[in-house]
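Student: Spelled out, the chains give:
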Amino acid sequence: MNKENDKGLDNLFKKKLEDPVDQAGYKEEDWANLEQMLDKHKKRRGIIYWLPIISSVAALLLLFLGWWNFRPQVVHHNPKNGFLAVNHHKQSHTGTGDGPSRQPINQKHFQTNNADYAINTTINKSPRASKSIIKLSVAGSRRNSTGPIQAVTTGKATRNEDEALLAESPVPVFESEQFIAVPVNPIYLQNKNTNPETNAAVPENVKIKAGKQAAFRPRFALSVLAAPDINGVGSFQESKVGTNVGLLFSAGLFKKFTISTGVLYSDKPYLTAFENYHTQYQFPVNPVNVAANCQMLDIPVNIGYQVYNKHQNKISIGTGLSSYIMLHQSFTFNYANPYSTGPSNFNVPNSSGYFFGVLNLNATYERQLNSKVGISFQPYLKLPLTNIGYSQVRLQTTGVAVGLTWNLNSFSKP
Amino acid sequence: MGEEELHQLIRGCIKQDRKCQKMLYKAFYGFSMSICLRYAGNRDEAAEVMNQGFFKVFTHIDSYDITRPFKAWLGKIMMNVSIDFYRANLKMAYTEDLESAEHVSDGDMVDKNLNYNDLLAMVQKLPQAYRTVFNLFAIEGYSHEEIGAMLNINVGTSKSNLHKARQKLKLMILKADSGTNSNNYNNGTNYNTSIVAINATSMNGVFLNKGFRE
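Protein sequences appear in the order of chains A and B.
Per our numbering, the first sequence runs over residues 1 to 414.
Per our numbering, the second sequence runs over residues 1 to 214.
What the hints contain is simulated information worked out from the structure, not anything from laboratory work.
Treat the hints with care, as some may be off.
Claimed, not checked - The calculated lysine-lysine pairs, modelled on DSS-like cross-linking and capped at a C-alpha distance of 27 Å, are:
| no. | chain 1 | residue 1 | chain 2 | residue 2 |
| --- | --- | --- | --- | --- |
| 1 | B | K76 | A | K42 |
| 2 | A | K27 | A | K3 |
| 3 | A | K310 | B | K76 |
| 4 | B | K15 | B | K71 |
| 5 | B | K71 | B | K26 |
| 6 | B | K19 | A | K372 |
| 7 | A | K256 | B | K19 |
| 8 | B | K76 | B | K56 |
| 9 | A | K43 | B | K125 |
Work out the full structure: start from the sequences and follow the hints.
Tutor: Here's what the structure looks like:
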């Protein structure tokens with residue numbers, strides 16, 4: 001009885017409401033309101049149409065910026081060294097080594113290995129698995145100490161070689177042909193003989209982790225991030241790949257601004273020329289380069305601005321500062337000459353903090369998978385504002401963070 | 001409006017031609033309003049929701065499959081924006097008027113000679129949560145499971161809201177009946193006090209403006 005009645009009631013409403021006797025009369029002002037909405041949309045569309053493109057360009061620029069920043073240094077060093085090397089040759093082709101003079105850094109103590117090499121090169125020792133880096137050494141047999149540094153930087157290094165070679169050709173002492181013909185004797189930067197010594201503080205490069213500021217939702221969100229990144233000191237030519245894993249919390253401040261913070265565990269290996277390594281310890285023989293590995297906690301505080309938000313896609317750009325706490329730093333010294341005597345590695349187990357020492361720049365693309373979960377991709381660049389770590393190195397990092405975000409208050413907005 | 005004419009209008013809308021948009025808007029204004037009015041509390045609200053719907057129509061018109069009936073597509077959009085509106089006002093919907101529904105004795109509702117405007121006014125008087133479920137269940141024909149998914153509520157809540165909606169509607173119908181034995185619930189001349197108490201706001205408007213103007 002009850003059911004029937006309910007049905008009757010439902011039908012009564014269904015029948016009559018579905019077929020309005022007199023439909024609502026058209027109102028011009030309603031159209032005016034809609035027209036206003038459409039106009040607004042059209043205008044915005046013009047801008048929005050470009051936003052994804054602009055943002056993509058910005059993201060790419062960001063990645064590029066890292067490389068760019070480092071490049072100048074490399075370019076500088078190399079030519080210089082090359083030339084220096086040449087000059088030195090002229091003056092003292094005999095030989096062996098005036099390492100110091102060639103070294104732009106003027107490290108007097110450099111000697112032996114590289115110098116020997118210089119000599120050797122002319123003699124032509126067995127070329128071996130010399131990497132491009134090694135080749136450099138040819139030009140730079142005289143660059144001894146500096147050689148390594150520059151040599152370490154790969155790509156450009158090759159160029160330097162060329163320059164160096166050319167430069168050398170005029171040098172009377174060396175028979176240019178010979179020189180060229182002779183397979184370059186590699187200085188094994190890679191094979192580096194590592195002579196252990198404990199000392200120097202290797203600066204830790206500022207490692208950038210993936211600071212995600214991306215707010216997936218205008219309110220509160222929790223993100224889990226993982227980011228492979230590239231770390232380099234002065235140049236990404238010596239870059240090594242590090243990893244970051246962390247948790248970020250973000251909160252929407254205003255409509256388009258988001259502030260985020262969290263903790264990321266970063267493992268940042270990097271390789272740097274010895275000249276970038278600051279220490280008071282005097283190496284008996286200067287290493288060619290220093291391989292470092294730092295584990296740290298990165299605590300970013302970032303602010304993001306949303307430039308595009310349509311459907312489930314959002315693009316935002318952001319900046320902020322990172323503090324980090326060094327958990328462990330270890331340095332390995334690589335020598336040109338396997339037999340050189342010097343410290344081979346050094347560990348700094350203590351933890352120390354560097355507050356707001358790194359500038360974060362990033363661009364974020366987020367896609368909402370459903371009301372609660374979203375994924376994001378964030379190219380980022382981290383630039384050191386201060387020297388960080390035991391060795392006081394300026395370490396730059398660039399990478400792409402991939403994140404999974406959970407909207408904490410999604411229930412309030414279906 | 002003929003099929004061909006409609007398609008022409010739609011093609012114009014795809015090109016974002018403002019004149020075509022206005023013509024389409026005018027042509028389907030009444031139809032769209034009739035849907036939104038059922039879900040909204042009053043005409044202003046309904047017009048706002050309807051405009052949201054048309055905004056969606058015009059910005060997504062290129063996704064409309066021309067082989068399918070336009071009216072059905074439009075109706076679905078209007079229903080969806082109404083539900084969006086309901087969700088945006090979720091808090092209000094549940095905080096208002098949560099007293100337990102009184103038991104209403106069942107009478108023969110079907111025979112009551114109530115017209116469209118009467119019934120619309122009654123539905124609009126329902127709290128939003130009840131109204132939305134009632135619309136979806138009784139008029140659109142969705143099941144409680146479907147409604148639960150659409151509104152993000154439990155099936156139990158949906159059932160309970162429907163029950164309360166019906167109780168309230170019955171009450172309104174009975175009051176209307178007892179108040180006036182006339183054929184028009186809405187003629188407004190001889191309301192007794194209790195009916196005025198229930199329907200005062202909207203009834204006056206309905207009477208003066210055929211149910212839609214204030």
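Student: Taking the hints in turn, state whether each one holds.
Tutor: These are the hints, each one checked on the structure:
{"no.": "1", "hint": "B/K76 to A/K42", "result": "holds (24 Å)"}
{"no.": "2", "hint": "A/K27 to A/K3", "result": "violated (41 Å)"}
{"no.": "3", "hint": "A/K310 to B/K76", "result": "holds (22 Å)"}
{"no.": "4", "hint": "B/K15 to B/K71", "result": "holds (20 Å)"}
{"no.": "5", "hint": "B/K71 to B/K26", "result": "holds (14 Å)"}
{"no.": "6", "hint": "B/K19 to A/K372", "result": "violated (41 Å)"}
{"no.": "7", "hint": "A/K256 to B/K19", "result": "violated (35 Å)"}
{"no.": "8", "hint": "B/K76 to B/K56", "result": "holds (11 Å)"}
{"no.": "9", "hint": "A/K43 to B/K125", "result": "violated (39 Å)"}
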